[in-house]
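Enquirer: Given chain A's structure and the hints, the job is docking chain B onto it.
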Amino acid sequence: MEKDFQKLNNLAKTCVQSEAPHCVAACPMHVDIKALCRAVATGDFTAGRRLLEKTLPFAGLICRVCEAPCTGRCLRNTLDSSVQVRALERACMDRGGAPQTTGEWPEKQERVAVVGSGPAGLYAAATLLQKGYSVALFESADALGGSLRGDDRVRDVLAGELQAIATAQTMCNIVVGQDVSVDDLLGQFDAVCLCWGRGQGAEKPEDFDAFTFQHKEKKNLFCAGCMLGGNYTQAIYAAESGQRAARSIERVFQKVSVSAARTGEGVYDSKLYTNLAEEPSVQPLPLADDGTFSAGDAQSEAARCLQCQCLECTKNCTYLQHYKQYSGSAIRPIIKNINIMTGWGTRDANNFIYDCALCGLCGSCCPVDIDLGGVNLPAREFMWETHILPPAVHAFPLRDMEYSVDDMRLARNQQGFEQSRYALFTGCQLPASMPASVEKLYAHLAQSLDGGVGLLTGCCGAPAIWAGREEQAAAVRGTLRADWEALGRPELIVACPGCYKVLNETLPDIPLRFVAEVLAGHLPAGAGVAPGQYAYHDPCTSRHYAGLQQSGRQLAAACGAQVAELPQHREHTVCCGYGGLQYHVNQPLARKTTGARISQSPLPYVTSCSNCRDFFATGGKTCLHLLELVFGAEESKGSSPFAEIDFSKRRAQRRALNRRLLKAFWGETVREEDAGVTVIISDALREKLNRQHILEDDVVNTLQKAEASGRRMLEKATGHHVAYHREGYVTFWFEYTLEAGRVVLQNAYSHRMQIVEKV
Amino acid sequence: MEVVKTEPVDIRCELDDVDMVQKPVEVRYLGHTFPVELMSCPVCGQVYIPESLRNKMREVEETLENK
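Residue numbers (this note's numbering), protein chains in the order written: chain A, 1 to 759; chain B, 1001 to 1067.
Heads up, some of the hints might be wrong.
Some, not all, of what chain A presents toward chain B, calculated at C-beta under 7 Å [as the list claims (entries may be wrong)]:
no., residue
1, THR346
2, ARG347
3, PRO390
4, ARG711
5, MET713
6, GLU715
7, HIS751
8, ARG752
9, MET753
10, ILE755
11, LYS758
In short, the hints are calculated from the structure, not lab data.
No residue lacks a Cβ here, since even glycine has one placed at the ideal position from N, Cα and C.
Bound-form chain A, shown alone (with noise of 0.2 Å):
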């Protein structure tokens, strides 16, 4: 991965949440006329002021002159018409309160000439000014203002304006060409800066250079204002033509290079984007004769202000609103987090590099395509490839995985088949939470279609994928391949999305359909047993797959469910909580993210994942499986809000389900193994159990074996008797009592040290 960081830093650069609105972009003067909008639609004039005083040498002028630009580019042009941003401008120095003074910097020897009083003769005054150098202002009339002079919108005000320069030194009534030649200037001062209008002297504007503004031969030469031409002949692009002259200068005077690093000066183009789909239209409100709005009308009209920004990652999603960040944020941070030497500083962003729910929804809402997930999964892979992922992190989903592969897998031809035509492959999750429906399935699979079914569980190695462990799903890989090779490399009815998705992209050769596709052409008879109207959810793991979306909707309208959309759905479908191993590495979040998701509709939901369906359950939310639409809903889920998934009974579902498939479809018999010893659990004590991801298996393994071997301690001020067991990277610690010849758990507790006992 350490090549692909390069990539990464670039990948973060092309997040456009950082880029400035449109408005300030076009602003030649780049006035950050969002906070501006904030500030006055709160009403807080004063400190619209502050803002504009700070950025902008006289703003009183301004504010009335100004061409706005930014009106141009503001994005409500789209929807009504653009925000009046001059006339908030002269609100907020209308009523912002007095002028703020701004520090100056220590006095300089360095002195300029500036040959022009207009706007960009002005500026370039006032920034020289303020950085502590001394100017001559050269004026040819017998007052300073150029052609600010003539207009009436700042006729009452130009006076006043003009304070920001008093210690300047003001020489009226010197034409210079005429009265001083620019040469006797450039002799006389260590700069010159020309600000007159077009045409005059014999400077041409290609002698200076485009940006800088810097003479190309005569170093300490410059210009600014109506003489270049163009946009340069409007008063907002003058004066900050006469600000960037001057910061040239400033940079001659202190021998750094006149043009680098000087991006963000000048108008530029912003890439922001800014969703406004659900922006409504707001009419802007009509300005008073002399161009300005009360105080109210002032506030309503800066609250139209779209406040463009792009978040549309964050916006849909709850891991990133959890952590507070946006994708272009979040990727340094992942790349500082595995790039830190072991015992050179903490890895702050392990838990939200775990967290995150690969559901790839920011990459489908991204304008650019930044998909974090497509950056957390190399990183968890690239953590465990050089050991800085605790292997307790995703142990329990790995030991699920294990489970349904090493001890649950089936792989069968139907009976009377040599080989399958086709094969069900069940994946892990539907067995265990929808067992009758697996059983029903492959019964009517099996008696629909020709060729023989074979029937195929096991795992397709997702949990493995989303820890990061690509070994290991390789190898789960290889089981089913195996497994597939030696039914006769059936086509694979799939019926689970998020298997259809990994054995699409890493088993590209095996030929897959979909389970909704299949049953949609050979509906069984008495299908559709509960009709009515459904919100259907898309698993995110069909994000990318229309073909999935689509025949689930249409199972569901062949089952007679009246289908509605959710707000997000298809490829803009959000994840239940179980993506990416969100559930079992951060429950909180994960309840916050099925919590975000059904409450997006009132209508129960339909959906084509066991998964999906079971956290929405545990969310109090009803959602049935397509299988139930089809064959009958499963036994009733008893979940109150938020109880937590039932792994224990998952399993044992698993293990009657298997037991039942080979009875009814192959004649064999298994028994139940004997544990040896029953434990009897509260519900409380299950509900902890779940939490803390400690199976019955667990408790019942452990208590049987302390039982045997005697093995146990004895608590004497509570009389429970302790027991500890060591599996994985966990150890179980288990208090419980006997009564009456019943093992009865009274609590239970792990951690992930290793106790090294010594004798």
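Expert: Same frame as chain A, but now just chain B:
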């Protein structure tokens, strides 16, 4: 390093039928080893970790996992 000690608990090893006593043992995690004093059987060495210590252990586990 300060050795973590648990409060003495009146607990008996039922295998050896003896009262357990506080003894130095070690706990290991992610390549780190820590000395602790836990109630232990003087004969077979089995130890007792009360649930109250489990929460402290989780904090240490998390610190080590983020190193």
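Enquirer: State for each hint whether it applies.
Expert: A quick look at each hint next to the structure:
no., hint, result
1, THR346, "holds (5 Å)"
2, ARG347, "holds (5 Å)"
3, PRO390, "holds (5 Å)"
4, ARG711, "holds (5 Å)"
5, MET713, "holds (5 Å)"
6, GLU715, "holds (5 Å)"
7, HIS751, "holds (5 Å)"
8, ARG752, "holds (5 Å)"
9, MET753, "holds (4 Å)"
10, ILE755, "holds (6 Å)"
11, LYS758, "holds (5 Å)"
Of the numbered hints listed earlier, not one is contradicted by the structure.
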